[in-house]
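Chains as they are written, first to last, in the working numbering: chain V, 1 to 331; chain L, 1 to 331; chain C, 1 to 331; chain D, 1 to 331.
Just so you know, same-sequence chains aren't split out, so a pair can sit in one copy or run between any two.
Result set (DSS-like, lysine-lysine): computed pairs, CA atoms no more than 30 Å apart in a straight line:
no. : residue 1 : residue 2
1   : K43       : K33
2   : K150      : K74
3   : K266      : K277
4   : K278      : K43
5   : K90       : K150
6   : K297      : K278
7   : K74       : K277
8   : K74       : K278
9   : K74       : K43
10  : K74       : K297
11  : K266      : K278
12  : K277      : K257
No lab work stands behind these hints: they were computed from the structure.
Number of protein chains: 4
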Amino acid sequence: MNRDVNYNVYTDLALEAHSLAIERTGGEVQGVKVNEEQLENAKITRIEVMNEQGAQAIGKPVGIYITIESEGLKGQNRVVHDQLSEIFAKQLASLIDFDRIRPHPNLEPTIFVVGLGNWNATPDALGPQVLNNLMVTRHLYQEAPPELRKGLRPVCALSPGVLGLTGVQTAEIIRGVAQMIKPDLIIAIDALAAQNSHRLANTIQLSNTGIAPGSGIGKNRMAINPETMNLPVIAIGVPTVVHAITIVNDAMEQILKGDIFSPTEKERLRHIEQKDKKRMIGNILGPYMGSLIVSPKGVDELILDVGRIIAGGINVAVHPDITPDNLSLYL
Amino acid sequence: MNRDVNYNVYTDLALEAHSLAIERTGGEVQGVKVNEEQLENAKITRIEVMNEQGAQAIGKPVGIYITIESEGLKGQNRVVHDQLSEIFAKQLASLIDFDRIRPHPNLEPTIFVVGLGNWNATPDALGPQVLNNLMVTRHLYQEAPPELRKGLRPVCALSPGVLGLTGVQTAEIIRGVAQMIKPDLIIAIDALAAQNSHRLANTIQLSNTGIAPGSGIGKNRMAINPETMNLPVIAIGVPTVVHAITIVNDAMEQILKGDIFSPTEKERLRHIEQKDKKRMIGNILGPYMGSLIVSPKGVDELILDVGRIIAGGINVAVHPDITPDNLSLYL
Amino acid sequence: MNRDVNYNVYTDLALEAHSLAIERTGGEVQGVKVNEEQLENAKITRIEVMNEQGAQAIGKPVGIYITIESEGLKGQNRVVHDQLSEIFAKQLASLIDFDRIRPHPNLEPTIFVVGLGNWNATPDALGPQVLNNLMVTRHLYQEAPPELRKGLRPVCALSPGVLGLTGVQTAEIIRGVAQMIKPDLIIAIDALAAQNSHRLANTIQLSNTGIAPGSGIGKNRMAINPETMNLPVIAIGVPTVVHAITIVNDAMEQILKGDIFSPTEKERLRHIEQKDKKRMIGNILGPYMGSLIVSPKGVDELILDVGRIIAGGINVAVHPDITPDNLSLYL
Amino acid sequence: MNRDVNYNVYTDLALEAHSLAIERTGGEVQGVKVNEEQLENAKITRIEVMNEQGAQAIGKPVGIYITIESEGLKGQNRVVHDQLSEIFAKQLASLIDFDRIRPHPNLEPTIFVVGLGNWNATPDALGPQVLNNLMVTRHLYQEAPPELRKGLRPVCALSPGVLGLTGVQTAEIIRGVAQMIKPDLIIAIDALAAQNSHRLANTIQLSNTGIAPGSGIGKNRMAINPETMNLPVIAIGVPTVVHAITIVNDAMEQILKGDIFSPTEKERLRHIEQKDKKRMIGNILGPYMGSLIVSPKGVDELILDVGRIIAGGINVAVHPDITPDNLSLYL
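Modelling step: build the complete structure from the supplied sequences, incorporating the hints.
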């Protein structure tokens, strides 16, 4: 039996974690503030985990989590993609206080964009794919005369790979490089695991709490967050997979909690021991269950499209002179 | 609701279809002969569907289905891979009667290898990947003097793509090309959908009944088989995905048929209408359920490895002078 | 010594062939009409080879050759790329008479787009890359009710690969598939070899004379042209390589014909036998000279960009309802 | 005019630099010791630059340069590839003194393998490709009990990308990561530029002097060598390109120095000013000359093959228990 298997429901999304908490408590979640906004092509949800109580309730650190939901991510309409890039840019900008991270009143902050994930595993390749479309300027910036620098900020980027490819904890690589280049902000992009397959490829999450690579697979890896990096860290993620275990678990819950059983029966069913459920999950998914993932058939193309949307949004958010209209001039 | 969704259990594997038939009938399946052989690294099962009765019982056409099962496909041990290539070559050769397909007593038969599937969708890219490693000789053969031809047979190859990429039914493309090059045998390779996730990446199926592209997604496409091609057709497949619907269905069945209910309860549960089940599956998987697939995380690498194993096996099986030992001399 | 080596200057571009002819004859080329137009971002040259005399003079078949030259192909400005797509679409449309190729007054013609070249060799992968961005509609068209078909034409597509990958002449594959789907027009895209490295990635050539795969490497392959296909054929090409032999030859010519020698000396140098030149080329390039190509370092990215430009242009040119402004709605 | 253009003959290969020095001096090169060995499938040349005099003579730092030349790199014979892997492993091992780099008598040294180059530019992708096939063990090693560690050494790996992709000097990234993981040896792999196209894909160079990324393009980048890293650094390289400028220059030299001119004429020709030559090179290659490279058509496949050969050789050289015979058991 795979020791890394996490039989409990897992989600990287604060939005889902919050819904699950509401389900459990049956009402409001203390210490968490939620704000929703419906735009033409997207719905924005801003979840603020205000204190330790809220953090424990939803299992996510104190901080801000912004979710952009849109079916437009799935389609291939470039006009809609450009709109989503713009919406994303605005939300990203709301999480960055450029004046505060500026190293000196006359100097622009250096931004270090980290593309997490494994380029050899399609649904995990979002981070590297974003970097394929990102405007990298730090090396040009250093050589440019001040009058040409105006309107651009120094951006550098790295796709470090994953532990299995490098033999080094990803957070260690980032920290080592950060010690050399002394950035003022880290933006880390990663593919996420959702709890609900509805979320696949229709959600972008931004947060100012950082990220723990591999957390979705029950691994205890060093996080990339403001504490470990000693720097502001913004995490950007898109759910591209649901663990097969999560889906099987859901299916069982649907039956057990559905209206096909009387309240008395349900009461009894609640006592099916976790052990039984584990055994049944094992029957269905087999010994490699921990490595089985659910993803949409078109995930290869999706990663390309969402990678472009996020890269475009970062470009617009971090460079004052780049707007959605003139973005293409800079690429 | 997606009209293409197939709520019934679907499998491309005769082995699974046979097991399901045994489960249904509770005993032997008429018209089907099964023979098993255990080798050191692999188990070979030969299923012969002998007549229409057998065909209906397991839902697969009359013909021979050979299954090679081995956990070694999953590993990355090249020695084991080479052994599996050799085992596969032997089974493939058992399905080809070179003397019978020879166009003339003095001429070697031309073999047309078709790599089905979508190179832009990793788990569906097995066919194109096999062709990356196949020895293609037809053009050299035609130019070579007879004394140099000895020991090699003319092999040609095509990866036609899928309907969504070409706008043309794959079988039409194959037939059109076959009319030009007049091959004596078609070997078609495709990624398959299994019913049980245990099968993912541990099974190779060979059959002499051909293949129907897209059958796993409930599409009614023109088959590539001896009837439509007017030629012997050997199909080779490896299960790389399970439909998410299949897994959810399995999970529900595990609960409903498991030993947590009394026989009376089970009797009642049997009457849960199909409609209810569909609704619950919809709740879990959402509107895009038909496009959700379950695959192992390492499927990108797996496709590369299995593609090499199958290509090596075809090379050995079709060219008299190539043996597992000297295969590498020819690549 | 490689027997496939072509020591003479070779070019796929009518524009270059015409310049070379002018150089040789010292003046106008009979049987060839040339028309130039300067646009903001591009220069259009329309060369009409009017008769056999013109065809022999420039070594290209009778027909129309349109060249679009723009440094904008090289850059990464998406706005300029969109303009080039539009310019290209207009030139492509000028070569197609939809009313004439219509199979029936009430039926739209079927267009078969062929992406020639080898997807495993970057500078040769233009054709397959165009197909990655092409709108393929034939299969949807057949299923769509007539009122929804309006404004779109049935387009199908194939990337057949190259002889070394398939063992079949590419023209045979195309012809076989064409016999099944009965298109009314073939559009074939291929990467080209230029004579002058200035042309790399700044030129698109369109012609109504078809294409001969492998002609740049001195191979005598079956052409894909109106005669062999019994159909109108439009060829689209972009020079992505110059043969190393061509460049070495140029370098020698620069010295020999440059102003560092007196007329008498030049006269003598003209008698350097071809054999000497061959020997020197052999000294420089070695035995594999025929397989050495010159390409820009950024050719990987260039193929992606130009592939998108051409695909967008085809989409606009063949579907009446698609315009540059709404193109993205259809992708 | 491109300021980065290097009009002088450039080569990354000590073997070529040595030949050029011999040509210039007309005899032996002081301060350089050369030793050749002919094996069945390969020729080994060991060049030792013994002092500053030798370093200046050939333009390479003091140290050892080993060259393995074999036409077998080009072919696709896996048996020959395995032999080359073994030969390479032996030469690599000759450059490493494991006992000396051991951090403690009871501890195995940690080896940090760096795959330099740009994965988006095929001929520059050798470094990243080697890492695709490398056995990475550091993370397993740390978790393994001592008895299981025996026979393996901790290996970690990084493909940092290039300055244009990251905005950070590659040496800075390596140094930052090295400060975190404290390796005892760095092995850096990079694609090289040769001076002579005969060398393309038939040569592997190893040296203990490190590497300067981008040196072939006239850029002054921070080196990855024992001085900058404060660690032993072994560099491994394979020439995959020749700069187009180099080839054009060669072609001119062939003419000017060939036997078609009398000694008096040659004397005069020697005075063709560098300026004239530059102008002529500009005529032939155009303004983007600095970015034009010559490579074999099959470079995509070559990078895959050579990447496997080098990775296999590193695996054998650094892990005591891995031999060429059992290598595949570990992959």
